[in-house]
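Protein sequence lines, in the order shown, are assigned to chains A and B.
Here the first sequence stands for residues 390 to 589, where the numbers follow the numbering used here.
Here the second sequence stands for residues 37 to 248, where the numbers follow the numbering used here.
Keep in mind that the hints were calculated from the coordinates and are not lab data.
Where is the CB? At the ideal position from N, CA and C, for every residue including glycine.
Errors might be hidden in some of the hints.
[Said to hold, decoys possible] Below, computed lysine to aspartate or glutamate pairings styled on EDC-like, alpha-carbon distance capped at 16 angstroms:
1) Lys-431(A) x Glu-551(A)
2) Lys-127(B) x Glu-465(A)
3) Lys-560(A) x Asp-210(B)
[What the hints assert, rightly or not] Counterexamples of contact, computed for chain A against chain B with all Cβ distances above 10 angstroms:
4) Ile-397
5) His-398
6) Val-401
7) Phe-408
8) Ala-415
9) Phe-442
10) Leu-453
11) Arg-456
12) Phe-469
13) Asn-508
14) Thr-524
15) Leu-525
16) Ile-529
17) Pro-559
18) Gly-566
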Amino acid sequence: MTLSSHMIHLMVILFASIFTDNILLARFLGMCSFLAVSRQVKTAVGLGLAVVFVMTCTVALDWLAYRYILQPYQIEYFRFILFIVIIAAFVQFIEMVIERYSPVLYQNLGIFLPLITVNCAILGASLFMVIREYTLLEGIFFGLGSGIGWMLAIVAMAGIREKLTHARIPKGLQGPGITLIIAGLMALAFIGFTGVLSGG
Amino acid sequence: MRSQPKMQNIVLDGLWGNNPIFRQILGICSALAVTNLVLNTMVMGIAVIFTTALSSLTVSALRRWTPRVIRMMIETLIIAFYVILFDQALKAYWPDMSRNLGPYVGLIITNCIIMGRAEAFANANPPGLSFIDGFFSGAGYACVLLVVSIVRELLGMGSILGIPMPFFSSALWDRWIIMVMPPGAFFTLAVICWIFRSVQAAKETQVPGGKK
Numbered sequence: 390m391t392l393s394s395h396m397i398h399l400m401v402i403l404f405a406s407i408f409t410d411n412i413l414l415a416r417f418l419g420m421c422s423f424l425a426v427s428r429q430v431k432t433a434v435g436l437g438l439a440v441v442f443v444m445t446c447t448v449a450l451d452w453l454a455y456r457y458i459l460q461p462y463q464i465e466y467f468r469f470i471l472f473i474v475i476i477a478a479f480v481q482f483i484e485m486v487i488e489r490y491s492p493v494l495y496q497n498l499g500i501f502l503p504l505i506t507v508n509c510a511i512l513g514a515s516l517f518m519v520i521r522e523y524t525l526l527e528g529i530f531f532g533l534g535s536g537i538g539w540m541l542a543i544v545a546m547a548g549i550r551e552k553l554t555h556a557r558i559p560k561g562l563q564g565p566g567i568t569l570i571i572a573g574l575m576a577l578a579f580i581g582f583t584g585v586l587s588g589g
Numbered sequence: 037m038r039s040q041p042k043m044q045n046i047v048l049d050g051l052w053g054n055n056p057i058f059r060q061i062l063g064i065c066s067a068l069a070v071t072n073l074v075l076n077t078m079v080m081g082i083a084v085i086f087t088t089a090l091s092s093l094t095v096s097a098l099r100r101w102t103p104r105v106i107r108m109m110i111e112t113l114i115i116a117f118y119v120i121l122f123d124q125a126l127k128a129y130w131p132d133m134s135r136n137l138g139p140y141v142g143l144i145i146t147n148c149i150i151m152g153r154a155e156a157f158a159n160a161n162p163p164g165l166s167f168i169d170g171f172f173s174g175a176g177y178a179c180v181l182l183v184v185s186i187v188r189e190l191l192g193m194g195s196i197l198g199i200p201m202p203f204f205s206s207a208l209w210d211r212w213i214i215m216v217m218p219p220g221a222f223f224t225l226a227v228i229c230w231i232f233r234s235v236q237a238a239k240e241t242q243v244p245g246g247k248k
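Let's have the full structure, built from the sequences with the hints guiding it.
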């Protein structure tokens with residue numbers, strides 16, 4: 390494969406995971422925090438950024454662990470436990486580093502980090518990476534794209550929900566109900582991207 | 037002294053009154069994706085019930101010997117253990133289904149319901165009751181997903197469990213392809229939630245302060 394076609398291939402993975410195969414709207418991952426933390430744009434951006442960063446790094450770390458620890462010993466079925474431990478340890482480590490070196494960033498981002506350990510999108514991205522047999526570089530682009538896609542969805546949702554505070558919604562539909570319907574409409578819009586990219 | 041929770045209440049709470057999906061919209065991540073076909077949902081439901089029931093039992097049995105500080109870690113390991121068992125069994129005996137479900141069986145580990153039941157119930161109650169509690173919480177969850185999947189497959193493909201249904205598979209019914217695509221899952225769950233909450237609200241106004 391030539392260099393340029395390789396670049397195109399990576400770009401396809403990146404954009405496919407942001408738009409056509411959005412991890413939240415097409416794969417339903419990370420719904421819990423999506424429903425709970427999408428009331429304000431500001432917090433949504435904070436959580437989104439944290440997810441982009443952690444997802445990119447943990448997919449890479451999980452790839453290395455899978456390739457160099459699990460595969461040589463043929464204990465691939467331990468991947469669930471190992472990935473969870475890696476994600477939890479990484480989040481903890483990042484929290485300590487940020488707290489030590491950048492108190493401002495810690496105040497803005499710190500509260501979101503513990504939430505991320507239980508965000509199924511993070512583990513999901515790593516599991517998809519294993520199933521699709523990505524190379525390390527492909528995995529990094531996939532993790533980055535999935536993170537950006539997730540952030541895009543939650544920020545858009547928060548923007549809509551801020552406007553919704555003035556809307557009259559049927560009583561039974563308030564809260565999660567209306568959020569799910571909006572998510573459905575957003576998923577519908579994202580289907581419009583299908584066919585823009587092929588492959589990936 | 038706290039009174040022992042009654043068996044009947046546990047069963048009813050798990051299935052209806054405190055149904056994890058309606059009440060808290062928890063843990064739908066790992067399962068909404070497989071509701072496009074009824075068969076996939078049934079297998080996923082069994083996986084969730086299996087994991088919740090047995091991990092609740094185990095957490096409860098070990099609760100006297102678990103140091104409080106690291107209990108989350110231990111609970112996660114217990115849950116992961118059962119998920120791996122199920123995943124390996126599925127891979128060995130039903131590889132097609134294992135491929136269909138993809139990573140979603142593994143994602144049961146991060147399903148908030150299971151951890152929630154372990155934290156909220158199994159930590160403070162004897163193993164037998166915890167098992168029942170986990171079983172019916174899982175069953176309540178599986179039932180909702182089953183309803184979602186029946187609606188989706190019926191409207192989208194005109195069949196249930198792959199068997200064509202009389203009216204919906206005929207030429208009279210224009211198949212709603214959108215129902216088997218991702219947006220259909222969101223819409224169906226939203227409508228089901230709406231119905232549930234309205235019924236609950238109506239009941240609560242009938243008996244003021246009747247429950248809790």
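Cross-check of the supplied hints:
no., hint, result
1, Lys-431(A) x Glu-551(A), "11 angstroms, holds"
2, Lys-127(B) x Glu-465(A), "13 angstroms, holds"
3, Lys-560(A) x Asp-210(B), "32 angstroms, violated"
4, Ile-397, "26 angstroms, holds"
5, His-398, "22 angstroms, holds"
6, Val-401, "20 angstroms, holds"
7, Phe-408, "13 angstroms, holds"
8, Ala-415, "5 angstroms, violated"
9, Phe-442, "19 angstroms, holds"
10, Leu-453, "19 angstroms, holds"
11, Arg-456, "18 angstroms, holds"
12, Phe-469, "5 angstroms, violated"
13, Asn-508, "8 angstroms, violated"
14, Thr-524, "18 angstroms, holds"
15, Leu-525, "19 angstroms, holds"
16, Ile-529, "18 angstroms, holds"
17, Pro-559, "7 angstroms, violated"
18, Gly-566, "5 angstroms, violated"
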